[in-house]
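Student: Listed here are the chains, written in short residue letters.
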Amino acid sequence: MTRKIKKILIANRGEIAVRVMRACRDLDIKSVAVFSECDSTAFHVRIADEAYPIGPSPSNESYLVFDNIIEAARKSGADAIHPGYGFLSENSAFAKRCEEEGLVFIGPKPDTIALLGDKLQAREAARRAGLPLVPGEDIGDVTDTQAALAKAEEIGFPVLVKAAAGGGGKGMRVVNKAEDFEEALQRASSEAKSAFGDGRVFLERYLTHPRHVEIQIMADEHGNVIYLGERECSIQRRHQKVIEESPSPIMTPELRKKMGEAAVSIARETGYLNAGTVEFMVDQDLSFYFLEVNTRLQVEHPVTEMVTGLDLVKGQVYVAEGKELPYGQSDVKLRGHAIECRIYAEDPDSGFMPSTGTLSNYRQPAGPGVRVDAGVTIGSQIPIYYDPMVAKMVVWGSTREEAIGRCKRALEEYRIAGVKTTIGFHQTVLNNERFVAGDISTRFLEEEYPDNKYIVLDDETRRAAAMAVALDKFANERRITLGRRENQIPEQSRWVNVHRRLNLKRMGG
Amino acid sequence: MTRKIKKILIANRGEIAVRVMRACRDLDIKSVAVFSECDSTAFHVRIADEAYPIGPSPSNESYLVFDNIIEAARKSGADAIHPGYGFLSENSAFAKRCEEEGLVFIGPKPDTIALLGDKLQAREAARRAGLPLVPGEDIGDVTDTQAALAKAEEIGFPVLVKAAAGGGGKGMRVVNKAEDFEEALQRASSEAKSAFGDGRVFLERYLTHPRHVEIQIMADEHGNVIYLGERECSIQRRHQKVIEESPSPIMTPELRKKMGEAAVSIARETGYLNAGTVEFMVDQDLSFYFLEVNTRLQVEHPVTEMVTGLDLVKGQVYVAEGKELPYGQSDVKLRGHAIECRIYAEDPDSGFMPSTGTLSNYRQPAGPGVRVDAGVTIGSQIPIYYDPMVAKMVVWGSTREEAIGRCKRALEEYRIAGVKTTIGFHQTVLNNERFVAGDISTRFLEEEYPDNKYIVLDDETRRAAAMAVALDKFANERRITLGRRENQIPEQSRWVNVHRRLNLKRMGG
Amino acid sequence: MPQHYLVTIDEQEFDIEVEFVGEGYRVTVNGNEHLVRRFDMESVHSLMLVDHMSYEAFVRGNGEQGQRSVFMLGREIDAHIEDYNLAQLKKAAGMSGPGAVDTTVKAPMPGLVIDIKVSPGDTVSKGQALCIVEAMKMENVIKAPADGTVKAVPAKTGSSVEKGDVLIDIE
Amino acid sequence: MPQHYLVTIDEQEFDIEVEFVGEGYRVTVNGNEHLVRRFDMESVHSLMLVDHMSYEAFVRGNGEQGQRSVFMLGREIDAHIEDYNLAQLKKAAGMSGPGAVDTTVKAPMPGLVIDIKVSPGDTVSKGQALCIVEAMKMENVIKAPADGTVKAVPAKTGSSVEKGDVLIDIE
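Protein chains in written order, with the working numbering: chain A, 2 to 510; chain B, 2 to 510; chain C, -14 to 156; chain D, -14 to 156.
Chain A extracted, bound-state conformation:
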């Protein structure tokens, strides 16, 4: 049974809201923005067809409040809700609420979200679907530390303690030896309890140089499940991806087929619907292990779009309309190489400390092979309430080498003033020999930059910057001196003034 979606409310903000709205416009579907108090002039509000306020700035008073979002959907007459990523995107209760309200939730069914959101249940589903798992054990009761330690020793150190309900590195600990185990277990559990309200943890063997490789899947109501290649996401800081690419430098057609089919298996096992991502760890011998399923659109979906030529958000809408996917497995062909750099308002050299402020300048790179999905524009404020990602810069090249070249060019072209950003960090990584050789793992950053110092300026840049500072001061001092004389001239454009000043200088002024 198909239904026509005419208006979609996007229950999100920032670049992903803008991304979904662009797909809506491409499809001639109306888009509805929601915004908190500090987001009233945010870029996603400006791009939308309609916009509704949903409460104060903190997300638990706005973007996370079911009622406010449902009310905005009612008022606007939206017939579907796209949750983006983060916020309510993996909240099965919200998906269920949408169902009850007669709104199409663009994502999997609530039960699937609930099942795969529980790491232990997801692990079980993966086992049933025949996916390889990292050797590991469930620990029901964290009070019996002796039994837990026995299990850890059975797996063998180093061992990873992970929260069952976890995500984003919270409630996670690497334990290198038995003596440290008990404390790590308790801390992981209490962290998980405070972060997710669920203190259950489990143990996994800790792979020392794993890659994070994930498979994009797409499933419709008609039983079609396909995979759309992989993404290599090994460059991580604080267990968060910062650079992603497709294809993975280590991928072979055989491995892609094996991993792709494994991803399709767990999707079938769980009755998966819509877009999703099956995450794997890949060891140095190219054996791979199931990690988890993300039941939503990923931040890094554009790299897949650029190599497959398919629009994943459009695909999500088609599937949500009950239609059959317009392409089958054999239509998925990869072309070239794509790399994404997440541009965060953070200071890389201060442990990626968030940086807030107003973007007094913002100019995106452009030209061949460059796609920027941004949530900001010139004048935008970076508020303290939300994730500090301002944009994703994605480049495509016919080869990985070309993509890296274009990526470096585009990073140099980026102009952001007002906040510190991760652009310099990306420039450093893209020039790193190991990265260029594709020799990476999730431990890449800690191995290559043990002192967390990423920004290295060459002499020429440093000297030019010093000159810029001196000239700025000189010009300001001179402006004060010249002030009285300049007042005689009626107001003109700044440009005319520049040329006039230059002419004065030419005349020996």
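Do not take every clue at face value.
Unchecked claim - List of simulated lysine-lysine pairs, BS3-like, C-alpha gap at most 25 Å:
(1) B:Lys76 with B:Lys8
(2) C:Lys102 with C:Lys148
(3) A:Lys194 with D:Lys91
(4) D:Lys128 with D:Lys148
(5) A:Lys454 with D:Lys91
(6) B:Lys315 with B:Lys334
(7) B:Lys194 with A:Lys409
(8) D:Lys76 with D:Lys102
(9) D:Lys141 with A:Lys454
(10) D:Lys111 with D:Lys91
(11) A:Lys171 with D:Lys128
(12) A:Lys171 with D:Lys76
(13) A:Lys315 with A:Lys334
(14) B:Lys194 with C:Lys141
(15) A:Lys8 with B:Lys194
No lab work stands behind these hints, which were simulated from the structure alone.
Assemble the complex: chain A is given as a structure, and chains B, C and D must be docked to it using the hints.
Tutor: Then chains B, C and D, alone, in the frame of chain A:
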């Protein structure tokens, strides 16, 4: 014999200078800008590694002066010159001068440029290469109008009078009947004489509904000549292309092969080197006729780049280095569909009258499938001296339908304030049913918009614009009233003020 | 206090009343009421939420009194605004409204006059070519805005003109 | 009249003299002379042609006297500028230059203090975690900028802080 190019001077300005510089940066080659007086802060100067002044604003005192450009090349230590399009790009004397100065001219050999720049000689070369020609005749001596009329009658009216040295519609006349022939002949010849210093003309049968379809070619020093698909460029105003796409909606694989091989034949016949374009007219029965060869990079080259995945400017540099093309004919695979809209600073409803000024706002569209090659940024001035094109907006979609949808979205996202532009014109054409159906010819615009009125506003937009004007006036009047009260508050960011004002309003202010 | 304006776009008239209310502005357009929230952004740039419909608009004066350019949805829209009551008075008095034709033909951009096709005393009809101005390497034909008689021709062939210079005077 | 500055970036010192000359500025950096043309663009934004090398640079003060942020080539570079002679006098007098450590630990962004790991009287070493501030859904560890002894702890667990608020005082 290969040579390594380390530094390229780009003898051009605007978007094409920026485009070539981006390719240089991708290749780790240094780029050198040249600039006239009014271009000292132009975008291409800001993107370049180095920049040299070459004279006053009029192009015949700067961008067209051989000596000034050669001197800048000398000073900068550039080893090659890329001419872009326009200016010196098809000037064989300049190409020769570069050769003499030991600089690599990135383009064909001087003799090839000279030969193909003469329409009569080019026609002869095409005939030798076995290309189909529009029935037509050379008229040596325009003083013998009786002989010329006899030739015109032999061809059959309507007949087209064309300047041998022509381009851009100058020295061109359509003659529908014998009575009008003599005057048209004289006017075309005198126009050609004053524009090109060469009054020779020739006659061609005038096709009533032809398409303009051109083939991109690339040739190296090792005898490899390949074609990279076609571009449909039938949407023209004043004989200038404004919307181009690839592939052509009427193309079949068989026709592409035939036209592509014809293009390769004339390239081989003329010893062609580097990138070039062979232009054809295609009649309604899909028969095609040779038009001319453009011995340079075309404005519309990005649509070819987007469907082939190949970087043509990089290809030009490889070939100029004496290397073999890194891809053969069988590697050229077309994927999806690309459309380019040329954004001119012109008023479409006043006969595309150029519009000058300063860009008080400039925000480019972005997101999936959108590439913008711009020669401007916020604050840029559009000077009166040069071509008024400010940017090329190019979109890619997996189908023509998807490309059109994205194109309309991207045009709506464009924000340019300060000059009139052709954005509204493009929006109109992209919504035209005949355009959507691919039913176009070079007469499309005159047939569909006989009164030259392109901008049609819908009621909703008109009403919203009226409200914007009223609210702007209201707010300005109020600001004057509130002025004194606001002065009490110390300077804060404009954003804070907005929120404060809004709160005032909420409190009944 | 509500303000009352007459806005004209493409000869279509909008009778608009604006007043502050608690959450924004109440804007009544030809009798239909809208609630509008409006946010200033950079200089002339604003975001309007018209009954929740989102519009980015840039409004600026374009030289003459009451004339405005609105940049919206990628387009530039020409508009004219006037105090409503004043406009009614003018109409009653038979004075020219914003739709009336400006019979002074001005240079639309800086350039070089390369041809003048009329002389004082000539009768011209709307759309007829009056002169040719070259700018940006292109010849731009300047046409008569209305039927009339050429009164004066200040422009000279071969001379440079600035934007706004009077080329031809028609009456 | 030439001006003489001392600019410090990453502890590297640049002795810079600037003066107007016919075509732009003569800038002497650690004895090497450069000809620089400089164009103001928008507000803090400028284009420099340094011996023809093209740089777009944005310079702005970042709060404290002499501190500057330079936005260039996609990066933000921290710099300090001082009158050259004044800087030499200070050095001679043994006063702290720009490289000296600020022993007042301030909140680098607005946020919520969720943990304080030191008390007055504690000895701390450079890089040691002092407290944790949550902002943008992330916990940010604030570390000691140098070895020293905690003098005072104005920050309180559970309280909000604004950017620049003093968290910990070290001596």
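Student: Now look at each hint and say whether the structure bears it out.
Tutor: Right, here's what the structure says about each hint:
1. B:Lys76 with B:Lys8: holds (12 Å)
2. C:Lys102 with C:Lys148: Holds: Lys102 of chain C and Lys148 of chain C sit about 20 Å apart, inside 25 Å.
3. A:Lys194 with D:Lys91: Roughly 31 Å separates the two Cα atoms, so the pair is violated.
4. D:Lys128 with D:Lys148: holds (16 Å)
5. A:Lys454 with D:Lys91: holds (21 Å)
6. B:Lys315 with B:Lys334: holds (18 Å)
7. B:Lys194 with A:Lys409: At roughly 49 Å apart (the allowed maximum being 25 Å), Lys409 of chain A and Lys194 of chain B break the hint.
8. D:Lys76 with D:Lys102: Roughly 36 Å between the alpha carbons, so the hint for Lys76 of chain D and Lys102 of chain D is violated.
9. D:Lys141 with A:Lys454: Distance of about 30 Å is beyond 25 Å: violated.
10. D:Lys111 with D:Lys91: This hinted pair holds, its Cα atoms lying about 15 Å apart.
11. A:Lys171 with D:Lys128: The hint holds at about 21 Å.
12. A:Lys171 with D:Lys76: violated (48 Å)
13. A:Lys315 with A:Lys334: holds (18 Å)
14. B:Lys194 with C:Lys141: Judged against 25 Å, a Cα distance of about 24 Å means the pair holds.
15. A:Lys8 with B:Lys194: violated (60 Å)
Going down the numbered hints, you'll see the structure goes against 3, 7, 8, 9, 12, 15, while the others check out.
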